[in-house]
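Asks: Chains as they are written, first to last, in our numbering: chain A, 1 to 133; chain B, 1 to 133; chain C, 1 to 133; chain D, 1 to 133.
Quick caveat, the hints were computed from the structure, so don't treat them as lab data.
All figures in this text were calculated on a predicted structure; none of them were measured in a lab.
Each hint should be verified, as a subset may be incorrect.
Put simply, identical chains are the same to the list, so a pair is met inside one copy or across any two.
[Stated by the list, open to error] Once the Cα atoms are required to be at most 20 Å apart in a straight line, the calculated DMTMM-like pairs of lysine to aspartate or glutamate come out as: (1) K101 <-> D125; (2) K101 <-> E133; (3) K39 <-> E121; (4) K39 <-> E4; (5) K72 <-> E36; (6) K83 <-> D131; (7) K72 <-> D18; (8) K26 <-> E130; (9) K101 <-> E121; (10) K26 <-> D104.
These are the residues of each chain, in order.
Number of protein chains: 4
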Amino acid sequence: MNQELIERLFEHVKLSLDFSYCPYSKFAVGACVLCEDGKTFVYGANVENASYGAGVCAERVAITKAVSMGRKRFMALGVMSDKGRVTPCGICRQVIREFSKDIDIFLFNPDGTFQTKSIAELLPDSFGPEDLE
Amino acid sequence: MNQELIERLFEHVKLSLDFSYCPYSKFAVGACVLCEDGKTFVYGANVENASYGAGVCAERVAITKAVSMGRKRFMALGVMSDKGRVTPCGICRQVIREFSKDIDIFLFNPDGTFQTKSIAELLPDSFGPEDLE
Amino acid sequence: MNQELIERLFEHVKLSLDFSYCPYSKFAVGACVLCEDGKTFVYGANVENASYGAGVCAERVAITKAVSMGRKRFMALGVMSDKGRVTPCGICRQVIREFSKDIDIFLFNPDGTFQTKSIAELLPDSFGPEDLE
Amino acid sequence: MNQELIERLFEHVKLSLDFSYCPYSKFAVGACVLCEDGKTFVYGANVENASYGAGVCAERVAITKAVSMGRKRFMALGVMSDKGRVTPCGICRQVIREFSKDIDIFLFNPDGTFQTKSIAELLPDSFGPEDLE
Ligand SMILES: [Zn+2]
Ligand SMILES: [Zn+2]
Ligand SMILES: [Zn+2]
Ligand SMILES: [Zn+2]
Chain A
1 MNQELIERLF EHVKLSLDFS YCPYSKFAVG ACVLCEDGKT FVYGANVENA SYGAGVCAER
61 VAITKAVSMG RKRFMALGVM SDKGRVTPCG ICRQVIREFS KDIDIFLFNP DGTFQTKSIA
121 ELLPDSFGPE DLE
Chain B
1 MNQELIERLF EHVKLSLDFS YCPYSKFAVG ACVLCEDGKT FVYGANVENA SYGAGVCAER
61 VAITKAVSMG RKRFMALGVM SDKGRVTPCG ICRQVIREFS KDIDIFLFNP DGTFQTKSIA
121 ELLPDSFGPE DLE
Chain C
1 MNQELIERLF EHVKLSLDFS YCPYSKFAVG ACVLCEDGKT FVYGANVENA SYGAGVCAER
61 VAITKAVSMG RKRFMALGVM SDKGRVTPCG ICRQVIREFS KDIDIFLFNP DGTFQTKSIA
121 ELLPDSFGPE DLE
Chain D
1 MNQELIERLF EHVKLSLDFS YCPYSKFAVG ACVLCEDGKT FVYGANVENA SYGAGVCAER
61 VAITKAVSMG RKRFMALGVM SDKGRVTPCG ICRQVIREFS KDIDIFLFNP DGTFQTKSIA
121 ELLPDSFGPE DLE
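Model the full assembly from the supplied sequences, consistent with the hints where possible.
Replies: Structure, rendered in structure tokens:
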């Protein structure tokens, strides 16, 4: 992925932090997916709930939002918390993996530097759609 | 809510069905929230997962999407499945209630007729943010 | 349900509070189901997670534990938090309703007094197994 | 872990399959944790729900059950489906990791042979309790 796309991904992730609803954890997370067209960015923030289990993480908000816009294939997903670098939780890895086995995950730092991991690295030997066929 | 708004809500719910990702249940659900400005419609569809528990219902996709756009107060939520009338599950009622104690839920039939329920009717004596204060 | 059974239900709910794992909310909840044989009590406590959405409430721990012991029909479910009376969240109402449409929910106070609600009262016009047939 | 413990773990996993409630996926999964005392086995099965997202996997039933019995440290977790070998989904990896960073996961085949993975292998670079401190 070229530098310009990565910078735009980072900008989306940063701005999505403003939309976090996290009165319980006070831990804001922003995420953004880049669709496989290499042009469409869809971002999300964590949306918590008084019943903690009903909350939805930023990554899943971004992905389900993209799916509800007709996108099901993604090139990259970026994520960051307002406290700094963060990796997706297991639930989000499971949701990412449903749609893409080769997506790159960008773990951003507040200064825009990052580390990349493939979903195969973050959820190896995964349980997925094939297991139910 | 006036007739025109209700009709537009129904149109959004209907079109959102096309975006359902439901390979496991084959039960497509579409939902749409109308924000408290009385103008902004945000729709969603159910996004399932091979690990069933990681799936997100249409209502929650619509609401978390709206929150990630800076909306936290809603007038109405409409919902319908491709099989006909459907009511929100308990998880979705919990998420709706986090943001609005007086939102109207429109349970649409395929012909556009509907029944309305308040969230207080669908989740009476609810557990909510106040319980954690 | 006779007084003795209710007292025993309350005792189980109270003791289950000790097993709560709630480092994030600091809100301990205990629950207990009484199986339809009128003899078997199965209790649970809330088990939270750093990824809030992966946590499981006390009521669901009690019910899934009972199911994993071969029980699928219940007479009553009692619940209480260490802060006092609490009602089940929407997720738990959905799980209760899967197994019983006429179960009584006992909302206990710390002194053993209580209020009862049926699941039909707590999750009216519910989405359930019949909707998928 | 010695051969006898592994065999007993397998026997528990096998018998837990009988308690699966999986009318939607028809995919029964059984799991069992061995607590750190090396003696206490706690098993669970998947408990599905008409609202798919409200279902709980076998691994999480076993772990939350163990926690509600006062156990929070585990040596091993075994899992198998009625169709054969299966790996834990991302949600369950997240729940396992909350309690143990060095637990061994036994992925059993129906004949009792198995492969082991550490949770660090299955959920590398994980999000966990430390991230919220
Ligand atoms: Zn997550
Ligand atoms: Zn729902
Ligand atoms: Zn609950
Ligand atoms: Zn699982």
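Asks: Confirm or reject each hint.
Replies: Hints, one by one, checked against the model:
| no. | hint | result |
| --- | --- | --- |
| 1 | K101 <-> D125 | both (11 Å within a copy, 18 Å between copies) |
| 2 | K101 <-> E133 | within (17 Å within a copy, 32 Å between copies) |
| 3 | K39 <-> E121 | neither (25 Å within a copy, 34 Å between copies) |
| 4 | K39 <-> E4 | within (11 Å within a copy, 35 Å between copies) |
| 5 | K72 <-> E36 | within (9 Å within a copy, 30 Å between copies) |
| 6 | K83 <-> D131 | between (37 Å within a copy, 9 Å between copies) |
| 7 | K72 <-> D18 | between (25 Å within a copy, 13 Å between copies) |
| 8 | K26 <-> E130 | between (37 Å within a copy, 15 Å between copies) |
| 9 | K101 <-> E121 | both (10 Å within a copy, 17 Å between copies) |
| 10 | K26 <-> D104 | neither (27 Å within a copy, 29 Å between copies) |
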